[in-house]
Amino acid sequence: MNSKKIKPLELNFCGIKFDSPLVLLSGCVGFGEEYTRIKGFSNTDAGAICLKGTTLEPRLGNPAHRLCETPMGLINAIGLQNPGAAYVIEQILPALDFSETRFIANVSGSTLEEYVQVTRLFDDSPIDAIEINISCPNVKEGGVVFGNDPEMSARVVAACRAVTNKPLITKLSPNQTNIADNAQRCIEAGSDAFAVINTLMGMAIDVEKRQPIIGNNQGGLSGPAIKPVALLKVHQVYQVCKAHNIPIIGQGGISTAEDALEFLIAGASAVGVGTALFYEPLILPEINNGIKNYMQRHGIDHVAQLTGTLSLND
Amino acid sequence: MLNQRNSIHIEEAEIITHQPFAGKQFYLQVKSPQIATLATPGSFVQLRCAASLPLRRPLSIMKTHPDGGTVDFIYKVVGKGTQLLSQQNTGSTLSLLGPIGQPFTLDPKFSLPLLIGGGVGIPPMVFLSDQLRKQSKHYNPLVIMGSEVPFPFTPAPSQYIVPGLPDGVIAAMPLLEDWGITSRLTTLQGYPGCFEGYVTDLAKTWLDNLTSEQQQKVAIFACGPHPMLAAVNNLAKAYQLPIQISLEEFMACGVGGCAGCTVPIQTPQGLAMKRVCVDGPVFNGHDVVFS
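Chains A and B supply the protein sequences, listed in that same order.
Counting in our numbering, the first sequence runs from 1 upward without gaps.
Counting in our numbering, the second sequence runs from 1 upward without gaps.
Chain A on its own, in the form it takes in the complex (with noise of 0.2 Å):
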């Protein structure tokens, strides 16, 4: 037994030592220090942020509008604009602050060869861990065409593994037909974990334009809109990792202590948060402090006790 004791909200992640569940999402927060600009604002509140996704070369993302606001919601089609993986690991990561919080790398591409490449220039850097993006909406190539296809998931998931011993994270798309299918394919292929879910495919119009407002005609649908889907993908994925003990970072419209509970509930071992953050911006602390305050009224002592404890109604 370790003697040392475990704080509420601390949790083990794939090894790795989590000081809070809450996960900051990939492409919401930049590289790890945009946020710090705003003060009251800390890394450290978070469990561990996900870096924006990063590709071999450096990629100029897409044409304006990138966004549009919708019902409780945001449309996003960024493009994966990125420095390219060389400048990230030697310009970025070296300045940012790995006391404060763990950072996990995203990994994108266009092809089978270059998630590869590029898992393999992470896993010979300080990252704490490797997160697989093969659910970009926003790319013409790679991201969710291969995500939306078990075979093509598992074949990227096997590649990267084979490249690399930190943790890989595999991030789903929903929009697929049998997630739970995809799931099942990506832990035979050496998945550590999941992110459950990446955006959903949506698209706004111009009425007078008659134009789509994205530039890039559509995008990718996050918010509060999109927590019910999400809550239902992150339940069917528990499922299949339950047994085999496979933790979900559980993601898609979480802005409240309440929202990040429901994910936890239904088998989420960590809880994203990203599109809250652009409301607003110093909710990290009041999201901990109402899942510790759960717990206490619960007589639950620490986070991970509550992974998974949904009872479905008969």
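Honestly, the hints are just simulated from the structure, not real lab data.
Be aware that a few hints might be false.
[What the hints assert, rightly or not] If you want the footprint, here are the derived chain B segments under chain A, 3+ residues with CB under 8 Å:
1. 8-21
2. 47-55
3. 242-252
Just so you know, even glycine gets a beta-carbon here, dropped at the ideal spot from N, CA and C.
Following the hints, put chain B in place on chain A, whose structure we already have.
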């Protein structure tokens, strides 16, 4: 990057004054002491227009009153956000994030600043004028403002003569007059005392009347609609003048996290997509790629 920490503040700002003008324009003053103290010309705020629309909208700052802790804006209703904002009453609070962004930078080498504001691009030029009047020893600016809806102030005849401008072009912004800053107005709507034409036409007339020695002291600062900025940029190119322009784009986080508000910018390393929020909103006009 660590030195950028804690530079942006969140304030729940009470509406002190909210007053409509013609052309769906509004004057808004809020109590926001931190932003009032820290904002500089060109920086902006993200403002929540209504609870039903949780994403804040970017709004440029027209003036700050650090002593009273207030910030002034003029905005025009252009979409859902500004429509909801226009319905907010005095006494209610708005959630502000700011100040954000790279401001305009002045250089005493360019002692003849030419400020050009079009429509909703007028407010940041007022803020910059406020800074220039405090350094009147170094600068002798001209402010040109254009609008196709009635100006959000009552124009008055200028007490300052600008050599070379057509007769009768005498309308000015009274606030700038009070500050000792020369301004002129342009429109295609025939408003009295205004120059009949584009801001760039009047700017060109003024530039052509300067000696070449004077022209070398001119730096342009501009904010306004995209076509106007492109035209002003071309003017700066033609006269080989430095130019700083303030851009806008749909925005989500406002702190550089989402890369949603990017614009194409030419850099020594090639074309880059720069974030309007934290890399801008003020860019070197010569680097901006206009589509």
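Status of each hint after checking the structure:
1. 8-21: holds (count 3)
2. 47-55: holds (count 3)
3. 242-252: holds (count 4)
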